[in-house]
Structures are given as structure tokens and as C-alpha cells.
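Colleague: The residues making up each chain are set out below.
Protein chains: 4
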Amino acid sequence: MSELKITVIGAGSSYTPELIDGFIKNDFAQPIQICLYDIEQGEEKTKIIENFAKRMVNKTKKNINITSDMIIESALENCSFVINQFRVGFLDARIKDEKIPLKYGLIGQETTGAGGFFNAVRTIPEAIRIAQTMEKICPDAWIINFTNPSGIIVEAINRYSNIKCVGLCNVPYNMRIDIAKVLRTDVENVYCEFVGLNHLSFISEVYYMGKPILQSLIDKRVFASQLVKNIPKIEAVSDLIRQLRLIPSPYLQYFYFENEMFGKIKREVESGKGTRGEQVKKVVDELFEIYKDINISEKPSQLDRRGGAYYSTVAIQLIKALCSNTPTLQVINYCNNGAFSELSNKSVVETNCVIDYSGVRSLTYGSLPSQIKGLILQMKDYEKLTIESAVKGSKDLATLALLNNPLIHGYKNAACLINDMLSEYKDFLPRFN
Amino acid sequence: MSELKITVIGAGSSYTPELIDGFIKNDFAQPIQICLYDIEQGEEKTKIIENFAKRMVNKTKKNINITSDMIIESALENCSFVINQFRVGFLDARIKDEKIPLKYGLIGQETTGAGGFFNAVRTIPEAIRIAQTMEKICPDAWIINFTNPSGIIVEAINRYSNIKCVGLCNVPYNMRIDIAKVLRTDVENVYCEFVGLNHLSFISEVYYMGKPILQSLIDKRVFASQLVKNIPKIEAVSDLIRQLRLIPSPYLQYFYFENEMFGKIKREVESGKGTRGEQVKKVVDELFEIYKDINISEKPSQLDRRGGAYYSTVAIQLIKALCSNTPTLQVINYCNNGAFSELSNKSVVETNCVIDYSGVRSLTYGSLPSQIKGLILQMKDYEKLTIESAVKGSKDLATLALLNNPLIHGYKNAACLINDMLSEYKDFLPRFN
Amino acid sequence: MSELKITVIGAGSSYTPELIDGFIKNDFAQPIQICLYDIEQGEEKTKIIENFAKRMVNKTKKNINITSDMIIESALENCSFVINQFRVGFLDARIKDEKIPLKYGLIGQETTGAGGFFNAVRTIPEAIRIAQTMEKICPDAWIINFTNPSGIIVEAINRYSNIKCVGLCNVPYNMRIDIAKVLRTDVENVYCEFVGLNHLSFISEVYYMGKPILQSLIDKRVFASQLVKNIPKIEAVSDLIRQLRLIPSPYLQYFYFENEMFGKIKREVESGKGTRGEQVKKVVDELFEIYKDINISEKPSQLDRRGGAYYSTVAIQLIKALCSNTPTLQVINYCNNGAFSELSNKSVVETNCVIDYSGVRSLTYGSLPSQIKGLILQMKDYEKLTIESAVKGSKDLATLALLNNPLIHGYKNAACLINDMLSEYKDFLPRFN
Amino acid sequence: MSELKITVIGAGSSYTPELIDGFIKNDFAQPIQICLYDIEQGEEKTKIIENFAKRMVNKTKKNINITSDMIIESALENCSFVINQFRVGFLDARIKDEKIPLKYGLIGQETTGAGGFFNAVRTIPEAIRIAQTMEKICPDAWIINFTNPSGIIVEAINRYSNIKCVGLCNVPYNMRIDIAKVLRTDVENVYCEFVGLNHLSFISEVYYMGKPILQSLIDKRVFASQLVKNIPKIEAVSDLIRQLRLIPSPYLQYFYFENEMFGKIKREVESGKGTRGEQVKKVVDELFEIYKDINISEKPSQLDRRGGAYYSTVAIQLIKALCSNTPTLQVINYCNNGAFSELSNKSVVETNCVIDYSGVRSLTYGSLPSQIKGLILQMKDYEKLTIESAVKGSKDLATLALLNNPLIHGYKNAACLINDMLSEYKDFLPRFN
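Chains as they are written, first to last, in the numbering used here: chain A, 1 to 433; chain B, 1 to 433; chain C, 1 to 433; chain D, 1 to 433.
Careful, some of the hints might be misleading.
Repeated chains share a single entry, so a pair holds when one copy, or any two copies, can fit it.
Unchecked claim - Think about it this way: if two alpha-carbon atoms lie no more than 25 Å apart in a straight line, the pair counts; the simulated SDA-like pairs of lysine to any residue are: (1) K103 <-> P406; (2) K103 <-> T326; (3) K45 <-> K346; (4) K181 <-> D356; (5) K136 <-> S216; (6) K164 <-> Q215; (7) K412 <-> N259; (8) K320 <-> P212; (9) K320 <-> N189; (10) K211 <-> R184; (11) K99 <-> P406; (12) K346 <-> S204; (13) K181 <-> G359; (14) K282 <-> E18; (15) K395 <-> L217; (16) K25 <-> T326; (17) K412 <-> L102; (18) K346 <-> R245; (19) K99 <-> N259.
These are calculated hints, taken from the structure and not from any lab test.
Same shape as in the complex, but just chain A (with noise of 0.2 Å):
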């Protein structure tokens, strides 16, 4: 049977060996290659995840092949997944990313406000290209984008390529195992209904063994402490979900609870605990120390407080379903196509979709909730006036996107953040010259 290759975009990520992981414990019909790549910085740590990831591998007798090629078009050539986790300017941009808007009062985040909005603009001409790239090379194969902003990044592939893309996050799944926890059953009896965009959604339903009982669990306040790791723990959640009729993902923390979330991050800056990029750039070092260690040869348990925790097991339950012939309901972020009604059909949402061999189909929702239309739509509107700005390079067009994010708080914040993202990130920003 022939293989089913399967090449990671970004392989120097220290998260590479939770995939690798990943395909050790899954079975697949096919033989497995795993083609390593990433650009000439990322080369050092690519290698050391390479043999790592070979020692994982030969510790048992799975049929998967580790390999790693530094030329992008030999490393897409006949693949039929590529895993996008690249990050434009590594850790280092990502803390500017943080660091910058704290100056101004406001949120400092690698996919929120205006961190995330420097993050997609470096991202997106670097997404396209490779989606261009697969265009030449493997026009059939499927982009499982990891890459944040995902939801930004996918549209960005989606409107400049003919590539079939899907973003994942591990949020959605967190979220419905968190439920599972509190109803204490397994994750495959719990079903969850989601409706808005990346890093921007809600559940609106949640079933238990086909039974809807959201309206249940919120009589029972039993949302308290239901929260994913990494983001803070706000009190008043709860009194939110209740009037919401919503469980938002933890990300709408940023929006609900702006204020309480920049004081959490402004006084771990001070405190000397850094951003989270900088906690994660220890993490990173120490996780490479162990990589490097020849003695070592499974995933060590420092990585888990990366974060990211099932980051691997969505990604394979992706791309087993897309090789299987039995349908399964996943939540991806895809082309919305008339899910949300008063979303373009364009408009790349999360939400819940049926998969199989034959691909992706997102289910019909029906309108909006009207207590976050407003949220949605405008935040949509900022997204794509944020491609529309990175792919131009138009000063002019990054500033409507920012005024169009409720993060940034008028228009001279917005100027001062352009101009500190021209100065700041110039060496990634060639078409804004």
C-alpha cells in the first residue's frame, strides 16, 4: 500500500515531537512519512527534532518513516497533508508580539488584539507563498494549518489559493473535554455545537448522549471553574454564561473581562514572570536540552505545560478522517458556506463539520445569536481588511483593520501600533515599503 506522506511546515516547533507521538499511537492503513522542514534558522533545531523524533519512532514497530528536507519544493513533492506550525520571526517576534500594545495600556497576545494582528500580518504573504508553492507541486494535498492567528491564516490560503486548508485549534476539543470532566463521562458522549470564529467562539449547545442539556448545566452553575489551562480564571464567568445562554471559548476572556485579563498579564510582566512568550521561550530551552539527550526517546512530560494539550489529537483525527469512508464530526475552522447566515459564504468560521474521504462539509447552523452577531461580524470585518492589508501592504488598510478590533480602542492607538509595527518587525514587512 503506498505511503501516505505528511510534511510539517515550521518542524523546528518544539511541539514536533507531540505530533510524532501523535502518529505512534494511532494506527493508520497506510505506511507514514514524516517529512521534516523548516527555513535556514529553523535548520539546527529541525535536525535535533529529527533524530529525536527517529528514537521515538524506533523504540516501536510502527511503519513511519522520519525524514527532513530543507528545500520546500522537494519537501511538498507527493505529500498529501501538510501540517502548517510555522511561527514568522519565532519566540522573538511573538514576544514583541506581547510586549508592544502592554505600552498603551492595552492587551499583549500572540493571536488577540493587536499582538495577533502583527502575528497574522508577518504570517499571511509567508502562508500564501506556500500555498502557491503546493499549487505547482501537490495541488490535491490538504493544509492542516496549526499557524496562528489559524481562523486569519486559513482565510488568507483560502482566498489566494486553490488549496484545500483546514485550521485547527485545540481549543473546541478542550472545551468539549472540560464538559465531558464535569459530566464525568467520556468525551465521546458529549457533543458540542459551536458557533463564531477562531479563538472567538461560543457553544451554543452541548449534548449528552443526543440529549441537549446546556440549559441544565447552566441552572447548576457548574461553569465556574470550566476553563481551559493558560488563561486566566475570572469570577463573574459564570453570571455571563448564564445571561449569554453561551459557553464562550476562553479567549472571549480578552473581550468580556479586557480589563481584569490586561491587569492579570501587566503584573506578571512586572513581577519579573514575563510574558507568556518569554515563560514558554524557558519551556522551549529546556525541552530542546532534553531532545538533544540521545539517552531520551519519549515525549517528555515538560511539554505538556507548553500548552497546546491535544494539539496531536485533533490533528490525527483530522487526517484519519479524511482517509476514511465512515463520516465523523469534527470542529474545524473551513469556509463557512452558508453555516452562519449572516456570514459569506467565504468567511472562514469554526464550527462543527462531518468528514471523510470525500472531504469537509460544515453543517448548517441557521442565523447568528444577536447577543454576539455584533462581536462576529465586526471582528470578521477586522480579519479581512488584515489580509486585505498584509497582502497589499497598505498602511492605510492596517489601520481600518485596527479600528475595526474592539482591543485597540481608537484611532490613535491604532496609528502609534503601525508605526511601531513598521519599525519593529521591518525585516518581515517588505510590502509595506
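Could you slot chains B, C and D onto chain A? The hints should help.
Modeller: Relative to chain A, chains B, C and D alone:
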């Protein structure tokens, strides 16, 4: 484990043994009760069916309990599924539905054109009445509707009750089977994407083992012979398919080949063969002679001549799916809810859905193909006006409905047909007085 | 004050003196140049018209300069308005448009059904060519289009050029005049709200001195006789209006009373009276005899028999409005832009607009009435497919267009009509080779 | 000729003489009755106004009859226009509206942000009550609404009554005047295309003598100083306009320059100058001293300091247009009805309309500009949730409303503001108990 009660409305139909046969041939986790209900005029036939069905079951070891109940309220009590297969006015009304339009040179058919309109106007109030009774007695039960014209009946039930209702038709499944035969493969390897309304739907893509192959089938001109039984074959249909780039349901021949279809019906009537209803009546009489024979306890082969191949297959697939935690894809008549961009969320359409124990969700499709959009939109308007006319007993709305049906051809025919309807079906149309 | 140049395309038409007469009878702030243009085959008639027009003007003291120019580029130079009134293939082609459909038992008419389709397919490329020439020579000029089928031609120009274009038709104004006559009042006191497409529009409300009165007119059954000249009268139309609660354009009789209209046309042809085109041809020949007579310098009364009453009235009202700072309400064919909710923004519709020197804006109407929505949407699809077919020279698209026209009746007629078209109008359809 | 009766609700306002002055300065075909109505607490001021108004009229020969009536039913009898200019809770409530938000670092303003929300929630039930009274007494009369927040009040009236209602605001007219000043021309030569909602609208094109000139105005940077009185000037506004390619209403500064506007308000309060409401209160007291003076019979110049320039101009233009057979273009708050593609037909928007004695019709605009679409859609959701909350007296809906207002900043502020609202305006909010 608790019993699953299925109530059959219109149980005196000669089809019922087909349904019983389906329950016998499939395995269910729960014990089954099939409760047979019909109105007074159908009581005698229901008794014959009941006894025959009991003989069928007794030959097996299946845990199926056949009951009958002539009081609607107790028939509905504790039931989980209601199968609608009644016909208001029985076959005599069908024969009128077929004959009246012929007077005006129009297609006479039980689901399409003027005949389908007569059928709908008689049936809609009764279907709504049953659903509204269910609201009081079994509000969580599903209606599985076979009563024709199925799409209109489902939309009427949705608009005037809160009961969950799915419309079934054996045509999409038959088309899929026919394509599987062309491909010489099992039906499970074929997935067809449908677009349109009941008896007005098209296959817009065929997937074989996950790969889209419609264009290659068209290029090979394999469709010259691919058409469901009972519907006459037209030579030019293969050209039509090539130009539409869609495979029309056999019922679309009434629209695209109206003259030819009219000629065929006319010849059959003039030759003494009779309308389809008259032919069916003879088969039904023969069938009931068999059903009465206490020595017979197996579904007779003559039942296949009755039409409606795979009728029980699709019904039982659906019931099993609605009881299962594994999602299944089926083509049913259900709320659009965004599946087709140009139709309102509440419009009932024939479309691909994913089904499990948490319910039914239609898959997104996007925009209707421009070559069929106008026909579909106009027929949906016809359907809505028909429902409104039947509910209100409005002759004016009935006229407006018929003016929107492309098989009526003008105001004078509409006016004559409505006059005939009011005199010929007087007893069934109390709301029009 | 600078001269206002108006270029007439198809100036050899017998209608031109009607237009000249309109310019004479109205006052303009600026001096007027009317530049007559026609293709080579129309040159002789244009010369006759030019001389007659000069005599007409000379009898007055009006500042109107009649010129002619047989080179399109110089004819368009410096012009502010282009009046399209050309017919591809002249009256001979019209007569074919009327006769070919009769072979298949179908309506033969120059703007509707198969005849209108033939006319559209011939005309669309020519209309686009003129508009694209204007883009280079007079990009700010308006096209005022009378060339039939007017709505389709305007949409084709909008889709394939950036020239501002308004479609005019005398039917809405005639309907308003007829209603004013019924009310025994001046036309200025009557305002009619239109909904639909060109030759497929309805009056949905009539305001008399600011008060809505349609329902009271319907109650009084005043519409038995209210129909524009040249269109036969049908008895049942008064019932139809009562049930529609809308006044259909006379052209809607081809849809609602197809059999009766076909019978009338058939009888006229069989009786030797000829098609409308043949009748017109005789009138035109008489008219040109008069135009040649150097002793005559007034619009002859015979011109009224030609049809097209108020043709110059609506043209001059529009030109004056587009030069004025006072807003005027007129019914024209223009981009929908949201006027009717169910049609796309770019679809050309026949609707109420407000016009002044800053341009044309359609008034919002809201949802299409459900009793006519299906017909309008299907005909708009027919129109779009017709345009696409004509531009691409695609026989397949032509078939799909005809399948969407309710006056064609099936695939076989569509196939035959297209074969006839390709042989009968071969010289005018180079794109189909 | 019959008398035209205009009933003023909230006649005790210091603005009323401005309105009277407008009626005096304009000519009407009919004799005018202006009926002054206020609630009991406004009776004394109304009497002062009534006497002053009578003196104003007596100095002229105008056929204007000033009356007063403290019973709403008789005040409404036979009236053709109702002018809403009442304020629930008078200026004291306004001052609270301005001060409460300041506690939380939020903009305190009577129409925008939390203050506008308080005002809306108090006012909506009263506005609906008046409209529902009109349904019984003067069902054909128009409401001309000045009561703030005007757009929300008009939408509430539309949703909960059948009375025709137009919202007026002097801002669009002032913006047009300001542009005319920039162009050194008469206001009649300037036509502005508006897009958006009340106090949230933008000019998307300016026509001077029929020619679009916005881009050239932007290129000349003429907007640095162009802003209506009472709204502070921000330097960067000229950059903002260049990037938006739209001229925002002065009220948009609260959104684009929130920090700067908050600082300005804060400074005025801290310096002892007081909120705008406190400043107005002083002016009003002075004005009533003047109104009481029986020797004075002319509108005092101090009234201009009150704000609301051209208030009577727009009111009288509208009333005259609704009585006239000549269509006029005005910018008003009215049902969207398709004017802006992304808003529902029933949403009230600030838009260009054509008005005559047959009523009001909004002009089609097309899609909302992407740079402002998100803000407009979210604010419209805020408005709808506000109306629903006020009508139902729902604290939960009030929270959801505030979460959709970009000037509230998070759940905690929303919760605190609603608690304050319920205690501070207790007497005006009986539905919340």
C-alpha cells in the same frame, strides 16, 4: 431495555408489509412495537395487514410486537416515531388527481403538476392535524413522512407545528443505487450530493471512494439508461445531463420533457391500460388477496410491482440513525437552514444531512446552480402558496399557487382546475366552503 | 452655454422623427446637437431622416442642430447621451423572430419567449461593443437604451462595460396614463409603484394625489379595459388582477394567457394580416415615403400606428432630469442595488428611481410579492444565462437559458429553436462558430 | 382649506420657540394649528411657552393658531403630525446620564454609550405608549421624532406600533451646511450621501452641482476644521477621514477618539463648568426668564447657545415635503428596507430618502463600506437588544445590550452600570421590577 414504539398512520396501505419486512431484516438494540393506525374507512384493510404482519413476524425470532389501534390518541401514546403513509381519499382520489388534468391537456400525476396540487391541498390539513395531536401526546417523537407530495407535507408540518419531521422518498436512494450499478460497485462506495426539492432534485456531484467523478460519467455518456423504474425513458436525457452538468431526478422529466410525458400518459389511458393509479389499484387488490391468505407469511414478490423500491430501506436507515451515536449521511427532506443560500432557512429541501441520536443537521451546499435556480425558487413559491391556500381554504391563493407551477400553463387552466377541485373533492375540502 | 450632444444609434429607424419632435416640443437650457448614426445598411434611411428632421427643426426657432455621422468614433465624440434604438438585422430579423417559434406552437414575439431570445443573442454583443467604444471616447456619457429586449441589453452593458446606462420603455408610462384616464385626472397626479423586470413588471400600488388607491380600483373592477394599445385584451384579466392584487404589464399576458395570445398571433398570420413585424414593415414603408416628401416637415399622424406611444416623452423626461438639480421620479430599467430584496445588486430591474444631475438612484421596495417572485427570479436567471450565452457564443448556455424560460416548454423545443437560430441568423452570430 | 394640526409632545422644552419661529418663517398652503402638550410636571413651562409663542405669532399676519392641551387624547385628535421632543426625567435625568458613566471612566453623553443607553431604556416605553395611543386617535398621522436617542426611539415605535414615524436629527443638515461653507456655495448646491445610523453616520460622497467631489476635498485636507458645534475638535480627524474615505458624523469621535473625548468631558466636570446637561440647564433657565417677559415676542439669540442649530429647519422641510406633490431628498432616520444590503428591512437607519405626499422612500445604497460595516452592525445589534430589554424590563437583555456597545468595555462595567440604572432611575423603570 425499553420498547421502541413506531406508529404507522395509514397502516391499511398495501406497502405496510414492505415496512414490516424491513424491521424483520434489520437488528435493533431495543424491542420494537409497530402500532398500526388507520381511519375508519381503512380499518378492514388494516386488520388484514395486522394479521399478515403478525404471521411475518412469528416466522422469525425477532422481538417485534405488532399492534393496531383505531384511536389516534392512544396509537400515538409513548411512540418515538410516527410513519406517515396515509393518502386522503385513498386510491380513488389519486385516480381523479391523475385524470382531471388530462382534460386540459396537462400532466396527470399524483405528486407533480395539478394532480400533485390536488393531493397536497387535501392532505395538508390532515397532516397538520396529526402533528398537532402529537404535540399533546408525544411531543418528542419524530414524524417520518412518506405521504405525498412529501416535501410540501413536511413544510406544512414544520410551519404549523413544533413536531420534528423528516420527509423520506425512495428516489434519491434509487438514483444512488443506479449509479452504483453503473460503476459496478456497492452502494456504500457511492456518495451523491443532492440539490433541490422533493421530486425536483438533482445530483450535482458523485463521489466514488471519496473521489468526484460526475464529469467523467457524463463524458462517458453513461446516463442514457440510468433512470428509476416506473418513469418512462427519454432519449435526449443524456444530452440534457451533459448540458446541465447535473443528473436530474426522474420526476424532472415532467418539466423538461412535458410533451413526451403527457403523450405517454395519454396513450396508456386511451389504450385501456389506465392511469398509474388505476394500474396500482389492480396490483393492490391482488396484494390484499395474498395478504388475506393465512398460509402466506412472507412479503409477496408482487409488492415490487407496486413501485416504491427501497421504501423500507430508507425508513429503517433513518430510524436506526436517529437511535445511534454514530453519525450517518442520508438524503432527506428537511429544513434548509442555510444549506442552499437562496432559499429561506425554513424552506424544506431535499438535501444531504448528517443524522445521529442528537438529531438531523443539513450540510451546507452554497449557492444553487444558476441553470436550475429559477425552477427551484419558483416551485418553492408554488409550494408555499399551496400550503397557505390549503390551510386558509383560499381559492385566490390556490390560483396564485397554480400560476407559479410551470406545468399549469396559464390563468384559464388554473381557474378551471380549481373549479374542478372544489366540486370533485368537496368532502375533503371543508375549509374552502 | 455649451452644446448638449445626443447621439442616436440606429438613426435610420422610422421612430427618429418622434424623438426629434420631442426635442422640439421641450425647452432645454443648452443648445442641442442631435447626431444621427447608423451602420452602412441604414445609411440611406438615415439620410432621409436627417433631411426630414432638419425640415422639422427649421420650421421652429429652436436651437437644435441636426447632424449625421457614419463613423461611430466621431459620432460619439463629445456626446453626453447615446440613444440606443438600433435593431440587429432590421425588421427582416424581427419577422423571423416572430415566425420561427410559431413552428413549434410557441409565442412569436420580438421581446418575449423564443423571439425575444433570438433578438437578445444577436443584439448583446453589438450593444457591448458600442458601450466599450464609449469607454474610450465619451466615458462619462449616459446610454439611454430603447433597443429590445431592453432590460437584458442594459444588464449586458452593465456587466461588460463601465458606461452608465438606463433602459427605457414606454410601457410603464402608458400604464400610468391609462390609470390617469380611468381616474379622469392628469398623469402628474398619479404615481405608480412598479415591481419586476422589463416587459415583466407589475404595478403594486397606485397613488392618487398622495393616497394609495389600488385596492379601491380593484374593488370597482375598472381594469377590464385598461390595457395598452397593440396588446390584445383578455376578459379574465380583471379576475387575475383581483387575485394578484397587482396590475400586470400588458406583456404579462404572454405568460398568464399564453394559449389565447398564441391563438391570436396564429390567426393573424393565417388570415394574411401577418406578424406584428410584417404589419410594422408596411407602416414603415409608408412613413419613409412621407419622410422623403420635401413638402412635409411635421411628424405624420401615421407614426402613431407604429406603436411606441410616448417613446419620446420618456426619453426627453429622462434627459432633462439628468441635466437638472430638481429630483424627479421615473420608472426605468436600472441596477437593482437592493431595491428588491431577492435580486442581486447588479441585476437590472424595472423600478421607480429618483433622478437628477447627480445621477440615478433606485428607491427601496423590499421583498418581491410572493405571488410573482418565482416568475421574476426565474426570468432573471433566464436573462443572465442569455447574456452569458451570447457573450461566450455557447450553445450549451443557450439551451440552459431557454430551459429557464416558461414560454419554451421543454428540452426538445429548446434544442430545435437553437438549431434554427444558428442556421437562420448565422451572419449575426459569429461567436457561435 | 382645512387646518393642519401639529401636536408637540414635550412642548415645555426651551426649544419650542425655535419650532414656532420656523413655522412663522415658512409659508404653508393650509392654516396651521400648533397644539402644545406636556405631562403634568411640564405644564407650567408649557404655559410660559404657549404665551410666548402666541406673542411671536401675533406680531405676524401668519395663519397660525397656538393651542395647548394637557390631555394626550384630545391633543392628538385630528392631528396630522406629532413632533416628539420630550425627555423622560427632564434635564435632571440627562445630567445623571452624563455623570454615572464617568464613575467607571466611561464617556458620559446623552445619546451615546452608557448615558444614551439609560436615556433609551427610560424613553422607549413612553414613546411606544404615545404611538399606540395614536393608533386609536390619529392612525394616519406621522410622528416626527427628535427625542433622543432618535434612531433607537424610531425603531422602537416601528416595532411596536403601526404609526408612520420619521426620526430627525440636525447633524446631517449641519454637516451639509459645513461642506457648503467649505465650498463657498449655497447648501442647495450640495448633496451628501449618508450611510449608517443616527449619531453613527458617515458621508460617503459629496455632490457639488451634480458632480462627485469627496475625493478632491479629501486630497485638499479641508476637513481639519469641519465639525459641528458643541463637539470638540480632534487634530487627527483629518487623517482618519483620508483613511476612511468617509466623513464621519461628529458623534463618531466618541468611538474613534474615545480617550480624548473622555478627557475633555472629565476636565469640564472637574473644572466646575459641568456636564453638557448642567451647562444647558443654565441656558434653559435664562431662556425661560426671557420667555416669561411679556415685552419680548421674538426668538432670543441665546437659544442658539442651546445647541440644535437648524432643528426647526429640518422639521419644517420634512412637514412641507410630506404635504407636497414635488419630491424632495432629505436625510432622515427611517426603515432600511433594503437601502443598506447588510441590514434587515425593518432596521432604522440614517439615510437619504425621497419624500412627497405619498410618503417616504429610502434610496438604495448597496453594501455597507467594509471599513465601517462591523461597527454599524454591532451598534444595530446593541440598539435592538436595548429596545427588547426596555420593553420586557429584562436585566439580562440589558447586559447583553451593553456588551454589544463598544463604549462600555467589558462585563464588569455592564453589570455595575445596570445596577446603578436600576437604583438611580427607579421611578422611570417600572417594567424592571
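Colleague: Would you mind marking each hint as holding or not holding in the structure?
Modeller: Tested hints:
1. K103 <-> P406: Both. Shortest intra-copy (17 Å) and inter-copy (21 Å) distances satisfy the 25 Å Cα cut-off.
2. K103 <-> T326: neither (51 Å within a copy, 51 Å between copies)
3. K45 <-> K346: Neither way: K45 and K346 sit 37 Å apart in one copy and 54 Å across, limit 25 Å.
4. K181 <-> D356: between (28 Å within a copy, 22 Å between copies)
5. K136 <-> S216: between (52 Å within a copy, 23 Å between copies)
6. K164 <-> Q215: between (37 Å within a copy, 20 Å between copies)
7. K412 <-> N259: Both: 19 Å inside a chain and 9 Å across chains, each within 25 Å.
8. K320 <-> P212: The answer is between: 19 Å across copies meets 25 Å, while 28 Å in one copy does not.
9. K320 <-> N189: Answer is both: 20 Å inside a copy and 18 Å across each meet the 25 Å cutoff.
10. K211 <-> R184: within (16 Å within a copy, 40 Å between copies)
11. K99 <-> P406: both (18 Å within a copy, 24 Å between copies)
12. K346 <-> S204: So K346 and S204 pass the 25 Å test inside a copy (22 Å) and across (20 Å) alike.
13. K181 <-> G359: between (31 Å within a copy, 23 Å between copies)
14. K282 <-> E18: within (18 Å within a copy, 69 Å between copies)
15. K395 <-> L217: between (46 Å within a copy, 21 Å between copies)
16. K25 <-> T326: Answer is both: 20 Å inside a copy and 23 Å across each meet the 25 Å cutoff.
17. K412 <-> L102: both (15 Å within a copy, 21 Å between copies)
18. K346 <-> R245: Close across copies (23 Å), not inside one copy (28 Å); limit 25 Å.
19. K99 <-> N259: both (16 Å within a copy, 21 Å between copies)
Taken one by one, the earlier hints fail for this structure at numbers 2, 3, listed in ascending order.
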